[in-house]
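Enquirer: The lines below spell out each chain.
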Amino acid sequence: AQTVTQSQPEMSVQEAETVTLSCTYDTSENNYYLFWYKQPPSRQMILVIRQEAYKQQNATENRFSVNFQKAAKSFSLKISDSQLGDTAMYFCAFMTEGKLIFGQGTELSVKP
Amino acid sequence: NAGVMQNPRHLVRRRGQEARLRCSPVKGHSHVYWYRQLPEEGLKFMVYLQKENIIDESGMPKERFSAEFPKEGPSILRIQQVVRGDSAAYFCASSPLLGQGGPEAFFGQGTRLTVV
Numbered sequence: 001a002q003t004v005t006q007s008q009p010e011m012s013v014q015e016a017e018t019v020t021l022s023c024t025y026d027t028s029e030n031n032y033y034l035f036w037y038k039q040p041p042s043r044q045m046i047l048v049i050r051q052e053a054y055k056q057q058n059a060t061e062n063r064f065s066v067n068f069q070k071a072a073k074s075f076s077l078k079i080s081d082s083q084l085g086d087t088a089m090y091f092c093a094f095m096t097e098g099k100l101i102f103g104q105g106t107e108l109s110v111k112p
Numbered sequence: 001n002a003g004v005m006q007n008p009r010h011l012v013r014r015r016g017q018e019a020r021l022r023c024s025p026v027k028g029h030s031h032v033y034w035y036r037q038l039p040e041e042g043l044k045f046m047v048y049l050q051k052e053n054i055i056d057e058s059g060m061p062k063e064r065f066s067a068e069f070p071k072e073g074p075s076i077l078r079i080q081q082v083v084r085g086d087s088a089a090y091f092c093a094s095s096p097l098l099g100q101g102g103p104e105a106f107f108g109q110g111t112r113l114t115v116v
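Chains as they are written, first to last, in the numbering used here: chain L, 1 to 112; chain C, 1 to 116.
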């Protein structure tokens, strides 16, 4: 069975600094997608970044980038130049057969 | 271009009543997914539907829960004889493509069900 593990329930970072959120997963599949979603207090699930497993190059979206280590089954999210608006729950997710398997989430607080 | 629309946003039901949650996918999307988020937890997959078909219901409780996505109209998640443990946020997502080749799922804002 596929599982996704986020080992950091809470993290905090000073505004303008960099923070890395960890995620590991377990699967026997070779081709798959990995995602990071952000859930602010409004509860809306917002896609932050997506990685295709067959691509070796790490995905980047503006201040957000991932460190994808396929052999280690690791998929961490780096947020650079953190902003107050980045405060939210962050969920790592694995897509299999169209459905998403989510981790437990990391609550990130950005402090002024 | 409207996103995924869920209603109601908040729903309060007494124990034993029925709850109906509605989801209108992004226009043109034919795949709908329902997820449940219990307090302090991540989202858990419940069911995956295409128009008029249930594709994967491996995450649905065996009793009291059902889902449909008719040819016309929104997808409905129905919970009969609700109990306090059903209190959660229920999210709907839609996607235009099947399986692993698909892009991201587009999420609605969720329905928060409270059973009193």
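Hints may be right or wrong, so weigh each one.
[Said to hold, decoys possible] Simulated restraints, written as ranges between beta carbons of each label pair:
no.	chain 1	residue 1	chain 2	residue 2	range
1	L	PRO40	C	SER87	17 to 23 Å
2	L	PRO9	C	ARG64	29 to 35 Å
3	L	GLN8	C	PRO39	17 to 23 Å
4	C	ARG20	L	PRO40	37 to 43 Å
5	L	THR5	C	SER30	30 to 36 Å
6	L	MET11	C	GLN50	35 to 41 Å
Since the hints were made in silico from the structure, they are not lab data.
Predicted, not measured: the structure shown is a model, and the values here were computed from it.
A virtual CB, placed ideally from N, CA and C, is assigned to each residue, including glycine.
Enquirer: The structure should be examined with respect to each hint, and the outcome stated for every one.
Expert: Each hint tested on the structure:
1. PRO40(L) to SER87(C): 17 to 23 Å: For SER87(C) against PRO40(L), whose Cβ atoms are near 21 Å apart, the range 17 to 23 Å holds.
2. PRO9(L) to ARG64(C): 29 to 35 Å: holds (31 Å)
3. GLN8(L) to PRO39(C): 17 to 23 Å: Given about 19 Å between the Cβ atoms, the range holds.
4. ARG20(C) to PRO40(L): 37 to 43 Å: violated (27 Å)
5. THR5(L) to SER30(C): 30 to 36 Å: holds (32 Å)
6. MET11(L) to GLN50(C): 35 to 41 Å: holds (38 Å)
Checked against the numbered hints given earlier, this structure breaks only hint 4.
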